[in-house]
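**Q** Letter by letter, the chains look like this.
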Amino acid sequence: MNDAPALLEVQDVVKYFPLTRSLTSVITGGSRRAVHAVDHVSFSLNEGETLGLIGESGSGKTTLGWLVARLHEPTGGRILFSGHDVTRLPRGKLRAWRRNVQVVFQDPVGSLDPRLRVWQIVGEPMRAQLGLSRATTRKRVEALLPSVGLPTDCLDQYPHEFSGGGRQRLSVARALSVDPRLIVLDEPTSALDVAVQAQILNRLVALQRERKIAYLLITHNVAAVRFVADRVAVLYLGQLVEIGGVHEVLEHPVHPYTKALLAAVPVPDPNRRRMRYRIEGDIPSLVDPKPGCRFAPRCPFVIERCRVEDPEFRAVPGIPNRLVACHRAEEVGDIPPESLLEVAPAVAAPAGAAT
Amino acid sequence: MGRSPSDLIVFVLKRLLQLIPVLFGVIVLTFFFTHLDLTDICNAWYPHAGIATIRHCETTINQPIAQQFLTYFTNLLHGNWGASVLGDPVYPKIATALPATVELVLAALFLMVVIGIPLGVVAAQSGGRWADHLVRVFYLSGWATPTYLGAVLAAVFLGPALGLPTGGEYSTNPPPFTQWTHMSVLDAILAGNLAYTADAFAHLVLPATVLAFINMGIATRMTRASMLEVLPLDYVRSARMKGLTEFWVLYKHALRNALITTTTVLGITAGGLLSGTVVIEEVFAWPGIGQYAYASIGGGGSQLNFDGAIAVVIVFATAVVVANLIADILYGVLDPRVDWR
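Residue numbers (our numbering), protein chains in the order written: chain P, 1 to 355; chain G, 1 to 341.
Possibly wrong hints are sitting among the right ones.
Interface residues of chain P toward chain G, partial, derived using beta-carbon atoms under 7 Å [stated by the list, open to error]: (1) R95; (2) F105; (3) G110; (4) R115; (5) E124; (6) Q129; (7) G131; (8) T152; (9) L155; (10) Y158.
To be clear, the hints were calculated from the coordinates, so they are not data collected in a lab. Backbone N, C-alpha and C fix where the C-beta goes; we use that ideal spot for every residue, glycine too.
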């Protein structure tokens, strides 16, 4: 796997959204404040692999996905695709490159142009990228529809005639139409009911086997990640806190935030009802965040060092194929997430580390 | 209810049936308002009309008003639109004036569409930046201009400066060919007369530009607002993902959807424009229905003409209803989610 460059290499990518300055700030020459949506994130993704990207709402998952799909301009860092830097592609080349990466958006209503018919929606990427004729496009779309589980006789229907699941299948078909090597799945099932979610995920897994597509699955659904992903990355307030093989991370999370996140996943066990764990403390602002670990204000294991020094995203001795951004990874690594439910403050750090 | 052509026909017929009570109401109201006027209209005609005409006028006026209405309405149903006291029949005037106004309004709408809508796109795209502000200044200055002022300024300064004619439909009146449609440019084209086509076109430019400039804000503002609604949607983003050029993303995917609202509003505006050209037609000596309306209510030294005034109001009301109907049809054509209802 080391002989060829990874399909996707995200290197130290940063995305800041500048805030509108107030008049006084402009006059007094105050500094330009910005929301640090994605702050120095690095990871890689291999051909045909699925990386699950989990984190709570507002953690920058979607921003990161859109950066990878080049829908956002990164503020800093590089994105390599098959070893080529795609962050500084000129317009024309960027358009041509787009056939490599497609996106399935979260909202099955907003992501399909209500005025286009099925064959136009699914076929337009082909026409744009390959310059196909109308007749060829229709034929190709007709051939493509069964692979996402749609009937071939719906070519001339409009998206509003489909159910939520049907629309999401259309989105998948549109993404597949140009044979991309990577599909960014931006919460593809969060607007659907559970049964349809399972159908779509099954379909995605089958398609990946057939076509060797890599997925970047953005979701807050841990069960979906467990089912689909090979590796999982955990994002907290714009920074990766942990990345590793999906079963390893989910069974043995090292970072306190990952533990907390997994402990918060509801389990169908009536005895666990009382042991609800809540992460205490304020969520730090994403506007010009202070130095130090971003999870520190809410972390049950926080020590003074966490508040002043940014933790390095590093390998932890004894845990293979894992990167964690925590000063105390070695000490807290073996604490099971369930224990956070009851004993959170008990393992807390020495004196001076207030919660 | 669906979207087949038969559904559309039923829809149009239903809407046209609604026109009947609307028109009846309009006729009753205008008839009574004009006839309840206290001016001594018959003597006002002296000395333009002979004694016999004035006597006839007085016997008509002295009938009970319900009797007068019945006579007028029966005539109207028989296709007789009445005449002025001097005996000028109303219908031929309307038949020649309405097409001239329609031509003027269509030209103005054309300008509003080809200038106003792209300006709205530019404004939405550069939301909050200088181009947006510049566009806003442009359409607000049009919106804020009183029609009479804009028309007079254009006729006095802009026309001579650009070498454009500022009055009438042609340089020579009447033109040396049959006016089949009474739309100046179209008639010249039908007559195959190139010189007169250019001449008619030049005469159309100023009044149409003023009318368009004043009403441009509607097209621009609506386009800008609905573009801002559409631009953040995922299908615009996915259009970008397809590798389409930014132009196609904006004008095919975003604008096509944004236009649904703009078209509806423009359709309704068109109905209003047909009845809103009185001042412009008067200033530019455009022989349209606005000018006839002005003359019928005694403007510009002419004599009060009841039948003409009522006829004009009927035409205006019909125009508004028909323009609304066209807007509704277009709305359905543009948006596949709409059923004919």
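**Q** Which numbered hints are broken by the structure, listed smallest first?
**A** The structure conflicts with hints 7, 8, 9, although it agrees with all the remaining ones.
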